[in-house]
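Colleague: These are the residues of each chain, in order.
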Amino acid sequence: MSQIMLMFRKEWLNFVRGDRSVLVVYFIMVAGWGALLASMNTGGPTTAPLWVVFFSMIIAANFSSTVFVLERMSGSLEILLTSGLSRSAILYGKMLFIVLMTLLLGGACAVCALLLRPYVAALQRAPADLRDLWPYFALYAGATFMNAASSAYFSVWLPNPRLLHFINLLLLGFIMTGYMAVSFIHPISLYCIAGLLALLGVAFAFLAKREFESERIIKPVVL
Amino acid sequence: MPPVISVQALSKSFGRYSILEDCSLEISEGEVYGLVGLNGAGKTTLIRLLLGVLKADRGVLSVLGGDPWSHDASLHRRMGVVLEHDGFWGNLTFEQNMKIFAAAKGIAWKDAARYMEEHWSRTSLYKNKKAVKFISRGQRMQCALCRAFLGWPSVYFFDEPAVALDVDAYDHFKNLVAAARGRGAAFLISSHQLNAIDDLCDRAGMLHDKRLAELPRGAGGRNGGELWSIEADQKAEWAEVIKSVCGSEPSWNNGEWRFEVQDSARAIPAVIKRLVEAGCGIHKAAPVQNEFSETIRNEYRRKAAPDSGGRAP
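Chains as they are written, first to last, in my numbering: chain A, 1 to 223; chain B, 224 to 536.
It is worth saying that the hints were derived from the structure and are not from the lab. For each residue, glycine too, the CB sits at the ideal point set by N, CA and C. There could be a bad hint or two in this list.
Some, not all, of what chain A presents toward chain B, calculated at C-beta under 10 Å [what the hints assert, rightly or not]: (1) K10; (2) S83; (3) I217.
The shape of chain A in the complex, shown without the other chains (with noise of 0.2 Å):
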């Protein structure tokens, strides 16, 4: 445990100490989907799930580019694996980074909302209090979990691990097509795709780890 909170705080310390100007888009992506937020239908059959995959999807893709997808193109990757941490060690603690990111950036959004809430005009049916919500965060963190887990295992799949934003969205766009068509014909809880998508997060983290502990992992990058 002690090696993914190591591994959590040089991710931590990197994203940091980073680019500044990359805070400010943060902040005004937080603004901005918080007012997106409060101004959503979250009462029928709507398209906010969409929304929330979507928000996990762009937030989650964001921290992967750096966490997993530079660190391999610039080769530092390689001087971790040999450099006394265990390769779990170094998956999860990158995983952990990118669920924990995402989920406070996304938690910041719903807080904006929530403070956003009284001055958004047309709010007749947004949701009446924090509980109604809990489905939204549930699948938020689902989102999230499957996001980080499968970016770890694409990044080193994909030849090109630059494309796999583009097959995280393919495959969460699959995913909620299916779910909105069956919806369609009977109401599916948002609890239920949350556990799907945790649970192909599980399928994923179990691939990654595979492909963290065979050579692939330090294999030329195609651009």
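Assemble chain B onto chain A, guided by the hints.
Modeller: Same frame as chain A, now just chain B:
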């Protein structure tokens, strides 16, 4: 005493491309082994196999008694590594990077700080507060060396460790290698810088045509003769004199003539006599000893010859 690094009949290929075939190597405690070879010969592949980031197709590898491919993190904590990429995170300072690597190796920061104070306080790295991405290539190489020697590991794998080092930094590196050898550490150093191989290594091997061949130290010229050097002026006629006596074409290198002789007991007094008679001022005449570089150059030339099937260096 079992060898620190043991490789028996190692083979490795990537798809259809065979890189290493039937390579064997043993490096003992306190020994420094130089690995040379043309670009693409497989030096980095061999190092990656020994580090356990690549898996051998055939053969037996052992580093510190363990299998590198076992992904045993405790084995990596006993290794010092410098690879093509320095592996530092550019946004972090050198000290922040070192704190992470020290923790990864299970070394308390106070011990790591003491090591840095003792061995790196006179360098520009010490307490440098710049992010690593803002420091020079040579300084980054020093950072990588500082990380490699952290905790005084038992075995070191260096891929081009002397690249971009200035004179002081190179001397410092040599002192660290000597100190680690004193502690019984073994080294595998891959480099194209032949002076570094000469300076640091007890033994050297050349990778060529997928195979690893041990190189004798100071084994002489390409025709199997002994190599000699004569410190004298650079005048074309001295080259003619040397050639006429010894039968080999001399080369001018760092203020001295280097040439190959088959019978040094007879040829050297004769060549000195002829040079003095011709008016050449000789400062020193000595056999070229303890150098791999001449052997390596000869091997490169020999393998690049059309009938050897090699390619030009």
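Colleague: Each hint needs a verdict: does it hold in this structure or not?
Modeller: Hint check:
| no. | hint | verdict |
| --- | --- | --- |
| 1 | K10 | 5 Å, holds |
| 2 | S83 | 4 Å, holds |
| 3 | I217 | 7 Å, holds |
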